[in-house]
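Peer 1: The chain contents come next:
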Amino acid sequence: MEKDNREQPEAAPLDADIVCTGFGPATAGFLWTLTRGLQQPEMAAVESKAMPGLPPQVLCYERADDISFGVSGVVTRARAIRASIPDLDPAAIPLAARVSEEKLIYLLDPHGATRRPAWMRLADQLCRAFSFLLRVEHEGLALPWVPAFLHKGDGFIFSLGQFLQWTGQQVMMTGLAQIWPGTPAAAPLIRDGRVEGVRLASDGSEVRAALTVVGDGPVGAVSRQLDEAFGMPAGRRRDEWAVGMKMVVDLPERCTLREGTVWHTIGYPEPEIFGFLYVHPDRIASVGIFVPSWMDSPVRTSYRYLQHFVRHPYLWRHLEGGRLRSWGAKSLLESGRRGEPYLAGDGYARIGECSGSTNVLTGSGVDEAWLTGVQLAEAVLELLAEGKPFTRENLEARYVARRRASWLERESQAAERARNGFQWGLLPGFAGMALAGLTGGRLAWPRRREERGIRRIEEYYAGRLSRSQIERARAAADAEGRPLHDVLMDLCGWPKIEYDGRLLVSHQDALLMGGKVQAPAEFPDHVVFRSPALCRSCETRLCIEICSGEAIHAVAGGDGTPGFDREKCVHCGACLWNCPAGNIEFCAAPGGLHSAEN
Amino acid sequence: MSYQIVVCGGLAPDPLQTLEPVFDTVKPSLRNELMLPAVFDPWAAHALYEAGHLARQHPGTLVRVVSLAPKAKLQQVMMTVAQKLPFELAALDGPAGGFTDAAATAEALAAAIAAMPDLDRSRLLLFGGWESATRGAGVVMQRVAERLGIREQFLAVDELVVEPDGALLIKERVEGGRHQISRCASPPAMLAWATGSLPEPPNHPQTGMANMRVILPALQKARPVSLAQTAEFVRVALPAAVRQTRIVKDVSAAEIAREIAEWIRQ
Chain A
1 MEKDNREQPE AAPLDADIVC TGFGPATAGF LWTLTRGLQQ PEMAAVESKA
51 MPGLPPQVLC YERADDISFG VSGVVTRARA IRASIPDLDP AAIPLAARVS
101 EEKLIYLLDP HGATRRPAWM RLADQLCRAF SFLLRVEHEG LALPWVPAFL
151 HKGDGFIFSL GQFLQWTGQQ VMMTGLAQIW PGTPAAAPLI RDGRVEGVRL
201 ASDGSEVRAA LTVVGDGPVG AVSRQLDEAF GMPAGRRRDE WAVGMKMVVD
251 LPERCTLREG TVWHTIGYPE PEIFGFLYVH PDRIASVGIF VPSWMDSPVR
301 TSYRYLQHFV RHPYLWRHLE GGRLRSWGAK SLLESGRRGE PYLAGDGYAR
351 IGECSGSTNV LTGSGVDEAW LTGVQLAEAV LELLAEGKPF TRENLEARYV
401 ARRRASWLER ESQAAERARN GFQWGLLPGF AGMALAGLTG GRLAWPRRRE
451 ERGIRRIEEY YAGRLSRSQI ERARAAADAE GRPLHDVLMD LCGWPKIEYD
501 GRLLVSHQDA LLMGGKVQAP AEFPDHVVFR SPALCRSCET RLCIEICSGE
551 AIHAVAGGDG TPGFDREKCV HCGACLWNCP AGNIEFCAAP GGLHSAEN
Chain B
1001 MSYQIVVCGG LAPDPLQTLE PVFDTVKPSL RNELMLPAVF DPWAAHALYE
1051 AGHLARQHPG TLVRVVSLAP KAKLQQVMMT VAQKLPFELA ALDGPAGGFT
1101 DAAATAEALA AAIAAMPDLD RSRLLLFGGW ESATRGAGVV MQRVAERLGI
1151 REQFLAVDEL VVEPDGALLI KERVEGGRHQ ISRCASPPAM LAWATGSLPE
1201 PPNHPQTGMA NMRVILPALQ KARPVSLAQT AEFVRVALPA AVRQTRIVKD
1251 VSAAEIAREI AEWIRQ
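These protein sequence lines map, in sequence, to chains A and B.
Heads up: the first sequence begins at 1 in our numbering, then just goes up one per residue.
Heads up: the second sequence begins at 1001 in our numbering, then just goes up one per residue.
Where hints are given, some of them may not hold.
[As the list claims (entries may be wrong)] Dumping the calculated DMTMM-like pairs for lysine to aspartate or glutamate here, alpha-carbon to alpha-carbon at most 25 Å: (1) B/K1249 x A/D478; (2) B/K1027 x A/D509; (3) B/K1071 x B/E1200; (4) B/K1249 x A/E550; (5) B/K1249 x A/E253; (6) B/K1071 x A/D89; (7) B/K1171 x B/E1159; (8) A/K49 x A/D89; (9) B/K1073 x A/D525; (10) B/K1221 x B/D1024; (11) A/K496 x A/D87; (12) B/K1027 x B/E1107; (13) B/K1071 x A/D87; (14) A/K103 x A/E47; (15) B/K1073 x A/E585; (16) A/K388 x A/E378; (17) B/K1249 x A/E585; (18) B/K1249 x A/D525; (19) B/K1249 x A/D509; (20) B/K1073 x A/D109; (21) B/K1249 x A/D89; (22) B/K1073 x B/D1024; (23) B/K1221 x A/D154; (24) B/K1249 x A/D154; (25) A/K496 x A/D282; (26) A/K388 x A/E411; (27) B/K1171 x B/E1152; (28) B/K1249 x A/D565; (29) B/K1027 x A/D478; (30) B/K1249 x A/E320.
[Claimed, not checked] Across the chosen pairs, the derived CB separations fall in these ranges: (31) A/F430 x B/L1238: 17 to 27 Å; (32) A/P495 x B/R1265: 46 to 56 Å; (33) B/A1254 x A/A479: 17 to 27 Å; (34) B/A1254 x A/H111: 38 to 48 Å; (35) A/F130 x B/A1261: 54 to 64 Å; (36) B/H1058 x A/G231: 50 to 60 Å; (37) B/A1261 x A/R237: 51 to 61 Å; (38) B/D1101 x A/P252: 44 to 54 Å.
Rather than coming from a laboratory, the hints here were simulated on the basis of the structure.
C-beta atoms are modelled at their ideal positions from N, C-alpha and C, and glycine is treated no differently.
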């Protein structure tokens, strides 16, 4: 009865049948389907190969400190989720609501500071001139129509954290899967071209399994190392990204927005930045923006842009007096199917965002990710029942084939070329999206041969700021160890954000009050600048400007190499894809966002 | 000598989340309580780490955790706590939080401990937090000990040393910011821990996996418990707070204090 050995066990290999990396919507869909399938009578005879006599041993390792710390602004048609959970009752999941009203809103520039092209400035003037006719109010025009490819009218609003907590609890209560938070997987175990499990970051333990399910999101360490080891399929590239940043807000008492309200916005705070507002139950709303990689600004800043978005008159009339409950940010892999890696190989399969399932045309990823997990679980159940191994051939025949035959594939194909136009400019971008959306992807704007890159600061601000103004701004930012974007935006006429201590707070307060960001003490820095010499020669230092938590920062009086404060890092991974030289190592580590409401 | 250490530990809503007490017509609760992730009560966690430390020093010692909490939440929390050190779990499926009755909680815990198989009271050390983070009533551990017939009780314990003859030297916090050191000849004894002196152990996946072999079955058969409510709560509120944050590194304590004082003055 009593345990004899009280010492911590050595880091000997752990054996399981299936090991999953990352607990997001894809892995949730996988475990949901797998654990329910394993309870069916026909699966009773299936037993673990790692622990004979027991059911298959299924382990999932999640980087964040709890299963509820995911982040996404989720409005979803939930087709796959509802197929898995036919009796899904949003009342059972905190912050979930049915969509009750949906609008696409064009936001005018209320103070002339955005970098609008001429046609958009003209559009603003026309809107104001004919405001009564067009029903323009509070500098916003609700378009009369939400394109079918964008609409979510029959769907749900979720908090991803709450949805994952709810599904995770249900999965674990079956006793057939264990989800371990605060335990990032550092690397895949690859031997002779076969994936045999993962190595954990915490103590270097190897977890060996017949099947490794990789669902570690857009910047996951295991995913990236698989790509390095096996390469990408011909013609596939991961070159379109975005930072999604959101606030969860307690709406003021006087707010009249109905539960289930969904707003998609375009036009502000910059023309390239899309925004959203979703109203949850209990007078709570999610408000956020997406800053895309094809926005050629060398001083991208998601947080300040988010504050300006919140302050736009069309939103502020509802949000003024509100209070920040939560805040978060993440990278989105917007290459979608164009960035699809090998979906399966010997001993492994990839699901969710890291497998290129996000649909940039419909602006949705959670339901698609869930579906990939379901499809893999159905394949795994078949293979387990038939006693067949998890080889590339078997996984392709059962999982990949399912995926290719589903609506996910059809819609991914339609979306594949939808963003091509943005490589040419804003107008071709919107036209290209409409073209792809309205023709189901049959017609699309052609892609440029050369990708649109980040512009030099002097070039980007040509005609607005002189070289000497930029030099002075740069010197001031360097001297104070501040990002450059604040100084440049001030010079361009962006109004100062007046903090109210409730909703409009400093970036650092947003980290602590909203994101509740944590960093366990026993881990080393997970962001490493490979070559300090490269950093010193870098002019744009996009890593500092884009950093969602101000964790990467200029060092006053330093040699030009950025500093990194792991205590502020939200693990969004934006530094990884923003470094033009690929000079950043982004390792697996626990911690980061600690809010259950995002 | 080896011991049987039983650690009483409940759950508390993760203090980093947005916690809003509300008062409806029936009883107080937290707004959107269902969505709050939980943590192992921080005071009880200190007791658990001390129990693990003592167990490592005394081979053959068994650590058991008895916890009264909603089963699904308890399972979620155990996925983290189980990675800290080896222990077994006795789970009671019932309400948690600051608005449960201390006497009823103690009664349920004592009954669960008394029903433990192979319980050897001559080696029993009853551990827990000196209060809970959810309410701080500070009486549950004494009541559990009384029900189990344990007369040696120590409150606000910061240190336990086992002497060569097996006697327990216990350092308790007493009034006036002082410590009191007592000598207890042998178990059974109840120690309600203050902070102790041990840091939170890092997560250890191997330990977690080993623990789960006994924790999962314990969760599966967690007995439902309903607590009689005798206390009447009249009002709940959070203190008003003003917050302005700046994260700094390599700044002296004196400089930070000066800046805070200046901020308060403003």
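Peer 1: Each hint: holds or not?
Peer 2: For each hint, the structure was consulted:
1. For the given pair, B/K1249 sits about 18 Å from A/D478 by alpha-carbon distance, which is consistent with the 25 Å threshold.
2. Note on B/K1027 and A/D509: the hinted pairing is violated, with a Cα-Cα distance of about 33 Å set against a maximum of 25 Å.
3. Restraint check for B/K1071 and B/E1200: satisfied, since their Cα atoms lie roughly 24 Å apart, inside the 25 Å limit.
4. For the given pair, B/K1249 sits about 14 Å from A/E550 by alpha-carbon distance, which is consistent with the 25 Å threshold.
5. A threshold of 25 Å between alpha carbons decides the hint, and for B/K1249 with A/E253 the separation of about 39 Å lies outside it, so the pair is violated.
6. Restraint check: the Cα-Cα separation between B/K1071 and A/D89 comes to about 21 Å, which is no more than 25 Å; the hinted pair holds.
7. Annotation: proposed proximity of B/K1171 to B/E1159 holds, straight-line Cα distance about 5 Å (limit 25 Å).
8. Taken as a hint, the A/K49 and A/D89 pair is broken in the structure, with Cα atoms around 37 Å apart against an allowance of 25 Å.
9. Straight-line distance between C-alpha atoms of B/K1073 and A/D525 comes to about 31 Å, which puts the hinted pair past the 25 Å bound.
10. Restraint check: the Cα-Cα separation between B/K1221 and B/D1024 comes to about 33 Å, which exceeds 25 Å; the hinted pair is violated.
11. A threshold of 25 Å between alpha carbons decides the hint, and for A/K496 with A/D87 the separation of about 48 Å lies outside it, so the pair is violated.
12. With a C-alpha separation of about 21 Å, the suggested pairing of B/K1027 with B/E1107 holds against the 25 Å cut-off.
13. A distance of roughly 23 Å separates the Cα atoms of B/K1071 and A/D87; the hinted pair therefore holds under the 25 Å criterion.
14. The straight-line distance between the Cα atoms of A/K103 and A/E47 is roughly 51 Å, outside the 25 Å bound, and the hint therefore fails.
15. The suggested pairing of B/K1073 with A/E585 is violated, with an alpha-carbon distance near 36 Å, which exceeds 25 Å.
16. Of the pairs offered as hints, the one joining A/K388 and A/E378 holds, with about 14 Å between alpha carbons and a cut-off of 25 Å not exceeded.
17. About 23 Å separates the Cα atoms of B/K1249 and A/E585, which keeps this hinted pair within 25 Å; it holds.
18. Simply put, B/K1249 and A/D525 have alpha-carbon atoms about 15 Å apart, close enough for the 25 Å limit, and the pair holds.
19. A distance of roughly 16 Å separates the Cα atoms of B/K1249 and A/D509; the hinted pair therefore holds under the 25 Å criterion.
20. A threshold of 25 Å between alpha carbons decides the hint, and for B/K1073 with A/D109 the separation of about 47 Å lies outside it, so the pair is violated.
21. Of the supplied pair hints, the one linking B/K1249 and A/D89 is violated, its CA atoms being roughly 47 Å apart against a limit of 25 Å.
22. Note on B/K1073 and B/D1024: the hinted pairing holds, with a Cα-Cα distance of about 23 Å set against a maximum of 25 Å.
23. Proximity of B/K1221 to A/D154 is assessed by CA-CA distance (about 40 Å); at most 25 Å being required, the pair is judged violated.
24. In summary, the hint linking B/K1249 to A/D154 is not supported, as the alpha carbons are separated by about 49 Å, beyond the 25 Å threshold.
25. As the CA atoms of A/K496 and A/D282 are separated by approximately 31 Å, the hinted pair breaks the 25 Å bound.
26. Restraint check for A/K388 and A/E411: the C-alpha separation of about 31 Å exceeds 25 Å, so the hint is violated.
27. Between the alpha carbons of B/K1171 and B/E1152 the distance comes to roughly 14 Å, so the proposed pair stays at or under 25 Å and holds.
28. Of the supplied pair hints, the one linking B/K1249 and A/D565 holds, its CA atoms being roughly 9 Å apart against a limit of 25 Å.
29. Between B/K1027 and A/D478, the direct Cα distance comes to roughly 55 Å. Violation of the 25 Å bound is thereby established for this hinted pair.
30. Simply put, B/K1249 and A/E320 have alpha-carbon atoms about 34 Å apart, too far for the 25 Å limit, and the pair is violated.
31. At about 47 Å, the CB distance of A/F430 to B/L1238 disagrees with the hint of 17 to 27 Å.
32. Between A/P495 and B/R1265 the CB atoms are about 29 Å apart, so this pair departs from the stated range of 46 to 56 Å.
33. For B/A1254 paired with A/A479, a C-beta distance near 25 Å keeps the hint of 17 to 27 Å intact.
34. Under the hint 38 to 48 Å, the C-beta atoms of B/A1254 and A/H111, about 43 Å apart, fit the expected range.
35. With their beta carbons about 57 Å apart, A/F130 and B/A1261 fall inside the hinted range of 54 to 64 Å.
36. For B/H1058 and A/G231, the Cβ-Cβ distance of about 55 Å falls inside the hinted range of 50 to 60 Å, so the restraint holds.
37. Between B/A1261 and A/R237 the CB atoms are about 55 Å apart, so this pair conforms to the stated range of 51 to 61 Å.
38. Under the hint 44 to 54 Å, the C-beta atoms of B/D1101 and A/P252, about 37 Å apart, miss the expected range.
Violation of the numbered hints given earlier is confined to hints 2, 5, 8, 9, 10, 11, 14, 15, 20, 21, 23, 24, 25, 26, 29, 30, 31, 32 and 38; the remaining hints are satisfied by the structure.
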